[in-house]
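Novice: Going down the list, the sequences are from chains A and B.
All letters in the first sequence, in the order written, are residues 332 to 554 by the numbering used here.
All letters in the second sequence, in the order written, are residues 192 to 943 by the numbering used here.
FYI, nobody ran anything at the bench for these hints, they're computed from the structure.
Keep in mind that the hints are not guaranteed to be accurate.
To be verified - Coverage of chain A stretches by chain B, computed from C-beta distances (three or more under 8 Å per stretch; other residues unrestricted):
1. 420-428
2. 470-479
3. 530-543
In this text the structure is predicted, and so the values were computed from the model without any measurement.
Quick reminder that beta carbons are idealized off the backbone N, C-alpha and C, glycines included.
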Amino acid sequence: MGEPVHPLDDRADPLLSALRRGVLPLSQKDGLMLLYGHPAALVLGLYAAADRALAGEAVVYLDGANAFDPFVISRVARTHRAQPRTLLTSIHVARAFTCHQMERLVSDCLATALSRYQARVAILSGPLETFYDEAVSSDEATRLLKRMITSLQKLSRQGYRALCLCPSVSPQHQNRYGLLMRLQAAATRLIRVEDAEGLLSLYEETAGSSKQWQIPRAVLEHV
Amino acid sequence: MTLKPALSHTRLTGWLLDVYPDRTGMAVWFLDDEGRRFRLLDPYHPAFYLTGPQPDLLAALRTLRNAPATVRLVERRELGMHDTMPVTEVAVCQPIVFTTLVRSLIRRFEHVQFYQADVSLPQLYFYDRQLFPLARCEVEVTSHGIIQAIHATDSPWDTNYGMPPLSILELSLEGASFNPNHGGTFHLVVRVDRQERRLEHTDHADLLTSFNTLLQRYDPDVLITDWGDSYLLPRLLMLASQLRIPLALNRDPMRSVEIRPPRSYFSYGRILASAGARTLYGRLHIDRQNSFVMAETGFAGLIEQARVTKVPLQHMARTTTGTGITSMQMEHAHRDSILIPYRKRQTEEFKSALELLHTDQGGLVFAPLSGYHENVGELDFASMYPSIMVRFNVSPETVNCSCCAHDPLARVPEIKHHTCRQREGLVPRTLRPLLNKRAQYKRQLAATADSAARWVLDQRQTALKWLLVVSFGYLGYKNARFGRIEAHESVTAYSRDILLQAKESAEATGFRLLHAIVDSLWLHKPGATRADYEALAQAISARTRLPIAVEGLYHWIGFLPSRVNPRMPVHNQFAGVFETGEMKVRGLEVRRSDAPLVVKRAQAEILRCLGDAKTLRELREAVPRGIEIVRAYRHYLREGRARLEELVISKSLSQDPRSYRHETRTAIAAKELLGHGVKLQAGESLYYVITDAPARLPHDRVRAAATIDGTWSYDAGAYEQLLHNAALAILSPLGVESALLDRLTSPVGRVE
Ligand SMILES: [Zn+2]
């Protein structure tokens with residue numbers, strides 16, 4: 332994996348540049364990091380994956396929202412004059428369609444995958460989406476989530492970074508709001524994503540920090 | 192008719208009406224050949240299975256000591272495993288406590304693996320007793336109504352089956368063309384015995400009493416309603432409880448009406464709403480407005496699906512078609528002593544994003560050559576995906592099996608998977624009889640002239656078509672207990688390969704491919720006859736070993752360009768006329784639920800007018816007549832003559848209405864309804880009229896249809912624009928440009 336780190340061109344990729352100002356490159360102290368709020372958080376996750384791949388790292392990507400889009404990765408690659416193929420082969424994806432699968436992916440498969448692909452970063456895209464399924468009781472969802480969080484914390488103690496991307500809980504799932512709160516409480520870094528007047532604002536909510544930065548929303552519209 | 196006629200003889204023949212769990216067995220409602228309805232009891236003990244680490248298992252079994260259950264060790268297999276394994280079977284003697292018992296165990300013992308723990312009990316009963324909804328049965332009963340033996344005398348796979356003489360009472364609202372929950376005043380209309388009654392009581396107690404009298408007099412087996420789940424039954428029940436007048440909706444007097452609240456859910460990337468449910472015991476309630484299968488295939492189709500899937504009618508009417516497919520798979524598994532997992536935990540193997548890009552491609556599409564073509568033939572693979580699953584043995588346990596990894600014939604084209612060549616999988620075993628039965632119906636349809644019989648046959652074959660259509664989605668998706676994404680990917684990979692083979696065969700014999708999408712091909716060859724297309728279909732079937740048939744020959748077909756970028760071809764927009772004179776249209780306003788009726792009507796008229804043409808030349812000659820239709824409709828709109836129901840636009844709420852940030856028309860109408868106290872949820876349909884599109888204040892722009900009174904007017908310009916777009920989509924490839932169309936149809940002055 333001898334890919335060089337690509338120099339940053341702000342104008343070519345304002346979205347990635349904005350992310351690099353505040354969120355990336357996921358340092359070890361970030362541990363378990365959570366971006367939540369606007370659904371665009373899921374797209375930011377794709378950019379984060381592409382960013383790490385541009386830096387020559389392998390990434391493990393768990394998709395709970397069925398939102399992984401290889402074309403976004405290819406586009407980022409082209410913008411940065413990298414081979415789409417190179418980036419695409421360094422991101423390793425598994426999808427979960429139920430919360431039981433998501434929990435199992437995190438608790439039983441993630442550590443093995445991280446070590447097999449020599450990755451330091453795991454991206455969890457919409458890990459809670461599958462937990463809102465009303466066919467699964469609230470108790471059971473909570474029990475599974477607790478197990479999943481314990482596993483993530485263990486990985487983070489081992490020096491791995493996990494980036495979770497969680498769109499807001501929609502009103503019809505308000506009774507499951509507690510799940511997001513649990514994940515927020517467990518996160519070592521917390522960032523809220525909001526849509527304000529055509530800009531996507533990122534607010535750092537980690538204790539003792541109050542940074543804020545913006546990304547033009549138009550950037551996401553091409554996605 | 193009394194509820195419990197004395198049972199004088201012990202052997203009954205008749206039909207199975209309803210089944211549900213009771214204290215000491217399953218309650219079974221039976222309609223015998225003398226027209227009597229009985230509530231019988233089958234002392235059936237449903238079972239679930241468990242296995243796991245010894246200490247946990249023993250602890251779980253200890254808690255069962257005082258439960259109404261018997262425990263024994265049995266041998267069963269997991270799907271895809273060659274060997275059986277010992278599992279503990281727990282048979283529950285009181286079916287009514289089954290769910291509570293299982294749930295409490297699952298909660299307490301997280302290391303224990305459960306099987307068959309959440310299969311609906313009526314379904315499990317049907318699997319075990321080899322019965323199905325509305326089965327023709329023979330039953331032996333004691334004088335107390337206890338079933339000694341029961342068996343079906345017809346099969347769910349019969350195509351000529353008898354129907355029980357069901358008594359049906361229909362209940363609807365007069366004056367409710369849109370969702371009554373959005374507002375308005377209505378009268379209750381009851382239809383029974385070919386008579387219609389309007390219940391016009393100003394006094395609620397009188398209304399309830401008359402309705403009760405009707406229920407008791409006719410004692411219907413089936414209550415078919417419009418808006419019964421979300422509006423009618425909830426309101427009637429609320430009134431009944433306020434006025435303390437018990438409502439005789441249920442046939443079983445010991446039960447109350449079952450209530451399920453409404454919810455929204457995601458499916459294939461779209462948000463959908465389910466309106467909740469009010470279901471009955473001993474009587475079946477079906478809400479026409481809350482049933483996909485009723486809307487698509489009618490009552491005959493609903494019964495067909497319930498029979499083959501063994502999902503009870505009230506549930507089948509409301510659930511997704513996928514639940515039906517899952518039930519069929521579970522039955523096959525159950526019959527073969529394969530354990531039905533509780534909650535699938537099997538996960539997807541990691542893939543690189545590049546592999547994902549290759550495997551997750553879906554079906555193959557060749558973009559159409561935009562514009563109109565003559566002498567075109569269409570060939571369609573019949574039920575392509577399910578046929579692939581059967582033909583190539585694609586099933587969760589056959590994909591990437593351990594026995595055939597090195598067999599080159601087992602390889603899936605292009606991607607790294609293979610399928611088993613040794614053992615037939617669960618999915619092909621489930622689908623084969625469905626494919627055969629549908630083919631049988633189609634043959635019967637072709638040989639039947641009687642229109643009533645044809646209508647029933649068509650509904651039944653459509654019901655099976657839907658099961659086949661969703662069988663593919665359920666190969667990989669979350670609701671499938673036996674789903675696996677790799678199986679899903681194998682099917683699309685095969686489909687791409689097969690479509691390519693078909694294209695090659697066509698081109699080798701001089702046909703030119705105009706367009707192809709997943710399982711259909713549109714071809715052109717000057718002078719080709721039906722026989723030439725039939726010969727090509729046979730050649731492709733022989734080569735791919737999948738059935739493909741000539742859908743029809745077109746006088747002409749137009750592949751219509753994208754409306755955003757006219758140079759971009761889109762694959763879901765076309766209109767064509769078959770040699771039979773029949774039209775086939777996709778993606779145009781006439782087929783869209785969100786286009787107002789006046790626009791649909793205008794577009795349909797234009798298409799009919801063009802449909803008289805048999806050649807491209809005649810088609811071009813018909814254009815001025817098409818333009819004249821547009822002009823007449825513009826005039827009609829401009830004069831303010833259009834009626835409310837012609838103007839209503841229906842849109843589905845893509846999110847919770849409270850979270851809309853922008854003032855889209857849907858958002859404005861939703862806010863208006865919310866302001867009237869209407870409860871809305873994501874996925875639900877809204878109905879509105881454009882009143883003044885450019886108005887500064889958002890609430891002047893559109894009005895919700897339900898709130899419209901005598902003082903409204905519509906925005907003629909906005910509707911003219913919709914009409915213009917609908918006409919232009921068809922006419923622009925014939926040389927009619929936007930400005931020209933506008934000028935030629937302007938209601939102000941007519942330009943020659
Ligand atoms: Zn094999």
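Novice: For each hint, tell me whether it holds in the structure or not.
Specialist: Against the structure, the hints come out as follows:
no.	hint	verdict
1	420-428	holds (count 9)
2	470-479	holds (count 3)
3	530-543	violated (count 0)
Against the hints set out earlier in the document, a violation occurs for number 3 only.
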